[in-house]
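Chemist: Go by the hints and put chain B onto chain A.
2 protein chains.
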Amino acid sequence: MIQISGSDLKNLDKRYRTTLINSLSGIRQVALVGTMDRNRQSNLSIINSVTHLGAEPSLFGYISRPHTVERHTLENILETNYYTFNFVTQNFIKNAHQSSARYPKNKSEFKECGFQEEIFENQFVFVKEASVKMGMKFLEKITIKQNKTDLVVGEIQNVFIEPSRLEKDGFVNLDNTLMNSGLDTYYVPEKIAKLSYAKPNSEPQFLIY
Amino acid sequence: MIQISGSDLKNLDKRYRTTLINSLSGIRQVALVGTMDRNRQSNLSIINSVTHLGAEPSLFGYISRPHTVERHTLENILETNYYTFNFVTQNFIKNAHQSSARYPKNKSEFKECGFQEEIFENQFVFVKEASVKMGMKFLEKITIKQNKTDLVVGEIQNVFIEPSRLEKDGFVNLDNTLMNSGLDTYYVPEKIAKLSYAKPNSEPQFLIY
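Residue numbers (the working numbering), protein chains in the order written: chain A, 4 to 212; chain B, 4 to 212.
It is worth saying that the hints were derived from the structure and are not from the lab.
Wrong hints could be hidden among the right ones.
Identical copies carry no separate label here, and so any pair may be met within one copy or between two of them.
[Said to hold, decoys possible] Below, in silico cross-link-like pairs of lysine-lysine (BS3-like), each with a Cα-Cα straight-line distance of 25 Å or less:
1) Lys13 with Lys144
2) Lys151 with Lys108
3) Lys194 with Lys97
4) Lys140 with Lys151
5) Lys97 with Lys108
Extracted from the complex, chain A is given alone in its bound form (with noise of 0.2 Å):
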């Protein structure tokens, strides 16, 4: 194994590290962050932090970093309160990347990707062209003291899946989505099977594979 110590780590070349320290986090799902500011002026950012906080309420948290192109996306949430998490396929990807250039504030990043808003309740804006998308509200900012970045956390309001991809237990099937792994690089994910409950003293069994 080639072994990295923390000294190392300091030392490395600052490019060098960040690509190292990102990829080492893993490979995530991509999701496509909307939102409006209160003139209605849209923004799309891409993000891989969403993160699961809980089933009751529903809560999902991401992480926005300070002085990141993210920063348009969370003025507008504390401006508005609301935002959307959209999952599209590989057949987006060179527009999803896209999503990720500093376009100045009056640019929207829909227009500009080649993404169609598709605006809910005259509050919530998603992709149209998304597989999967949760209109949510935000409810909380929590800044981590030792780098000032923070975690949004914000409550699902309303969710919209491809009838293909709901099955029957509630499971929501991501095959052909956007993955990614530090900045640039790209996945789908390849299923490899479903596992029974585990137990002490017994051996999980497949139940897909």
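Modeler: Showing chain B alone in chain A's frame:
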């Protein structure tokens, strides 16, 4: 699209809703969390909530939910301040899933699930079979007030990577490592592309396809 409203969500059967909300948070890297208590009793738990919080210092968070199987893990972290994240390949799918079973505190999931302990510097317990391993130092536990879930923040102390997985630019290739969605469905990543840095008014280029 199938629409599920906020009131629909509240009225869903509990098990259906748990499956739905868990899978809606997306597919994510599986990490095995290794800890020891002050008497050096080891513990291993499975999570998929490792989240990048920053590269300088190198901070990762993960979510510890109240009253879950991860309780021993959090207790050990608060007792000793150290823990490890371990990524394994799909060869270890059954072993990894088995670590979600509720073993009593005096049983080590390392032994029960067929993993070997690898002690480093007398304070980190790694999974010997893992392809990528990180030693973490506990910094802060932030409780999300809506549901008493904890965000556990730590700093990377050391990293071990299989040589073939570390690329020239610092990118860690996680091909063939386990990811999951919800509580029981496992995936491996299929790489589709690396894209050039996105800039306004120019289309991103495929660097690898």
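Chemist: Which hints, by number, does the structure contradict?
Modeler: none
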